[in-house]
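**Student:** Residues per chain, in single letters:
Number of protein chains: 2
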Amino acid sequence: MSDKCLSLSKRLRTTPFTRRVEAAGVKAYTVYNHMLLPTVFESLEHDYWHLCEHVQVWDVSCERQIEIKGPDSQRLVQMMTPRDIKRAVQGQGLYAPLCATDGGILNDPVLIKLNDDHWWLSIADSDIQLWSRGLATGYNLNVEIAEAEVWPLAIQGPKAEELIARVFGEEVRGIRFFRSRMLKFQEKEMMVARSGYSKQGGFEIYLNDANLAEPLWDEFFAKGQDLQVRAGCPNLIERIESGLISYGNDITDQHSPFECGLDAYIDLDADIDALSLPALRAIAGKHKNLLVGLAFNQPMEFDHYDIEFENRTIADITSHVWSPRFRKHLAFAMMKRDYLANHSEIEIDGQVGKITELPFSAKALNAATG
Amino acid sequence: MSDKCLSLSKRLRTTPFTRRVEAAGVKAYTVYNHMLLPTVFESLEHDYWHLCEHVQVWDVSCERQIEIKGPDSQRLVQMMTPRDIKRAVQGQGLYAPLCATDGGILNDPVLIKLNDDHWWLSIADSDIQLWSRGLATGYNLNVEIAEAEVWPLAIQGPKAEELIARVFGEEVRGIRFFRSRMLKFQEKEMMVARSGYSKQGGFEIYLNDANLAEPLWDEFFAKGQDLQVRAGCPNLIERIESGLISYGNDITDQHSPFECGLDAYIDLDADIDALSLPALRAIAGKHKNLLVGLAFNQPMEFDHYDIEFENRTIADITSHVWSPRFRKHLAFAMMKRDYLANHSEIEIDGQVGKITELPFSAKALNAATG
Numbered sequence: 002m003s004d005k006c007l008s009l010s011k012r013l014r015t016t017p018f019t020r021r022v023e024a025a026g027v028k029a030y031t032v033y034n035h036m037l038l039p040t041v042f043e044s045l046e047h048d049y050w051h052l053c054e055h056v057q058v059w060d061v062s063c064e065r066q067i068e069i070k071g072p073d074s075q076r077l078v079q080m081m082t083p084r085d086i087k088r089a090v091q092g093q094g095l096y097a098p099l100c101a102t103d104g105g106i107l108n109d110p111v112l113i114k115l116n117d118d119h120w121w122l123s124i125a126d127s128d129i130q131l132w133s134r135g136l137a138t139g140y141n142l143n144v145e146i147a148e149a150e151v152w153p154l155a156i157q158g159p160k161a162e163e164l165i166a167r168v169f170g171e172e173v174r175g176i177r178f179f180r181s182r183m184l185k186f187q188e189k190e191m192m193v194a195r196s197g198y199s200k201q202g203g204f205e206i207y208l209n210d211a212n213l214a215e216p217l218w219d220e221f222f223a224k225g226q227d228l229q230v231r232a233g234c235p236n237l238i239e240r241i242e243s244g245l246i247s248y249g250n251d252i253t254d255q256h257s258p259f260e261c262g263l264d265a266y267i268d269l270d271a272d273i274d275a276l277s278l279p280a281l282r283a284i285a286g287k288h289k290n291l292l293v294g295l296a297f298n299q300p301m302e303f304d305h306y307d308i309e310f311e312n313r314t315i316a317d318i319t320s321h322v323w324s325p326r327f328r329k330h331l332a333f334a335m336m337k338r339d340y341l342a343n344h345s346e347i348e349i350d351g352q353v354g355k356i357t358e359l360p361f362s363a364k365a366l367n368a369a370t371g
Numbered sequence: 002m003s004d005k006c007l008s009l010s011k012r013l014r015t016t017p018f019t020r021r022v023e024a025a026g027v028k029a030y031t032v033y034n035h036m037l038l039p040t041v042f043e044s045l046e047h048d049y050w051h052l053c054e055h056v057q058v059w060d061v062s063c064e065r066q067i068e069i070k071g072p073d074s075q076r077l078v079q080m081m082t083p084r085d086i087k088r089a090v091q092g093q094g095l096y097a098p099l100c101a102t103d104g105g106i107l108n109d110p111v112l113i114k115l116n117d118d119h120w121w122l123s124i125a126d127s128d129i130q131l132w133s134r135g136l137a138t139g140y141n142l143n144v145e146i147a148e149a150e151v152w153p154l155a156i157q158g159p160k161a162e163e164l165i166a167r168v169f170g171e172e173v174r175g176i177r178f179f180r181s182r183m184l185k186f187q188e189k190e191m192m193v194a195r196s197g198y199s200k201q202g203g204f205e206i207y208l209n210d211a212n213l214a215e216p217l218w219d220e221f222f223a224k225g226q227d228l229q230v231r232a233g234c235p236n237l238i239e240r241i242e243s244g245l246i247s248y249g250n251d252i253t254d255q256h257s258p259f260e261c262g263l264d265a266y267i268d269l270d271a272d273i274d275a276l277s278l279p280a281l282r283a284i285a286g287k288h289k290n291l292l293v294g295l296a297f298n299q300p301m302e303f304d305h306y307d308i309e310f311e312n313r314t315i316a317d318i319t320s321h322v323w324s325p326r327f328r329k330h331l332a333f334a335m336m337k338r339d340y341l342a343n344h345s346e347i348e349i350d351g352q353v354g355k356i357t358e359l360p361f362s363a364k365a366l367n368a369a370t371g
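Chains X and C, in that order, give the protein sequences. Numbering (this note's numbering) for the first sequence: 2 to 371. Numbering (this note's numbering) for the second sequence: 2 to 371.
Chain X on its own, in the form it takes in the complex:
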């Protein structure tokens, strides 16, 4: 099934950067949190090589910030995630799956602690505001919940630090991964974090004044010409090569964190009131699926996602792309663990693919001979 036209309407919200994104020649969008997210500028592969070599400016406004304020805010956030948030530091980003009472993943945001009574959930694609408001109403919590008027702009790529230093000052170089500082652009203070949805390095600016969107965008282009700055977006090739999972694609509310390899973000033994902990403790170690990587030596079509073996479904292809770097077709697959226990390969449409752990390692990919 090839790409189609997208009918625009107000419901698919534009962002304060959309006019600049359009002027930069965006070719395709996806819809994420009811908002436009660019997916291609020149071509997937051109965008990929540029991202890995230079620096790009990404409109990721669709990473909506669910803002939770008030005396019960930390309690509510902890109810939503099985990751212990007690040790979170002010200004720190904490990747944390949100799980329902059955352990299923409802979202996998980055939690940002602004202070004890003020949190942002930088969410993936599901209406977590509704879940958090439902809980707050039912438990009668003293919190205010809203979608913040904040539109993240990501600066990604190996030259990102140089570019962001030219705009926000040298002190950005001291920001550690997933940490942030409040810095000024045109007298307005906003959060600048070392983070982003690629493994090429970079920063995210949590723009909090829509009127500054175009001046900020323009500033990066004015100061980054010699760095070959370009408009870009999360890139499917880079994402798959880097093993970055995507909520709604690779994981859903039908999966527990264990199936998605997120065990490290679950504090099973912590003394916390996470709503999902009883269920997660009960199912720990008993999960039937695991998200793995697949590598094929030739381009694959995957016109079906459910992969059968001996008359049962053993895998579900969740994301895939041809990797021009490794000259392999890479896929993520939610696979039956009992199949995994006895197989290191899978045959699809007559082609044999190597099963690997996620994230892919360059070594494993070079060794994968299909």
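None of the hints are false.
If several chains are the same, the list does not tell them apart, and a pair holds so long as it fits within one copy or across any two.
With a Cα cut of at most 16 angstroms, we get these calculated EDC-like pairs of lysine to aspartate or glutamate:
{"hint": "1", "residue 1": "LYS11", "residue 2": "ASP307"}
{"hint": "2", "residue 1": "LYS11", "residue 2": "ASP317"}
{"hint": "3", "residue 1": "LYS87", "residue 2": "ASP118"}
{"hint": "4", "residue 1": "LYS11", "residue 2": "GLU302"}
{"hint": "5", "residue 1": "LYS11", "residue 2": "ASP304"}
{"hint": "6", "residue 1": "LYS185", "residue 2": "GLU171"}
{"hint": "7", "residue 1": "LYS185", "residue 2": "GLU220"}
{"hint": "8", "residue 1": "LYS5", "residue 2": "GLU23"}
{"hint": "9", "residue 1": "LYS200", "residue 2": "GLU162"}
{"hint": "10", "residue 1": "LYS70", "residue 2": "GLU148"}
{"hint": "11", "residue 1": "LYS337", "residue 2": "GLU309"}
If you're looking for bench data, these hints aren't it; they were derived computationally from the structure.
Once you've looked at the hints, dock chain C against the given chain X.
**Tutor:** Then chain C, alone, in the frame of chain X:
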């Protein structure tokens, strides 16, 4: 801003009908409840005239059914809506705004009572499952909540009754508006309701077996050739002419039902435990905006949505389209009531539009001279 390409991924879910929709030549999609919804087949205007004259088969699987079962299901549904659901009849569809504790609209589904302990919420575009699960968790309600394995298929247009009678039998003719019957297709019983997102008449089939999707689709085409049956979809021209509002476009959680002309669906004096009733009682009559219609004599561009008058925003254009029937450009606008009180026209980009009530009346449109 012209339409763009849509990058497909698993997160934008396909439906059991998607292969048939593609084969029928769909030209564009939107994304609705994380699922593909066709928007154009031949052209917006061709699709429109065909819909008004013949019969179309619409893949509206994206009208997801949030299924609420169990002893507390009726209680939970009533908590969510300020419309009194006590008198709902089994198999009846009930249009009902869902409102938060502040009165803001979270969705405007059709509620379907399957029995006292079993409800479907046929939702517009927001993750109401998360809101209902949050409430059920917080209030410790005895309910099961899931997205049902149900994919609605709409048959719309003046010849819809004839076509659906040929497939499901003559008894469909006795189904009243927003009522339903359980009828069989290939031995499988499924709900058939007289409903749909157009005012051209028609039915919706709540398909409950994905394996029957293509046989059912094919049956409508096999039996409808002489009726000039075609694949179609909710049509923007028909929707605007008919005054059908769209959640996310025309109304959002920032609006109360009063601002959207939904007063008739709010039982302010009912003895019900709707979470929103205290807020709605407090704000009734005090709302500052009202959704109205606008009619211009010439095509409009609307490259901006916020309309100013005397240095303040007085209206927000939420949806609009050129009407080939009335030869007018029609729009919905969320307008300040104090402006409305003193004006029957609005000037935008040098053009004067007539302000009318919604839904538009043919009489008013013919009288609107701009």
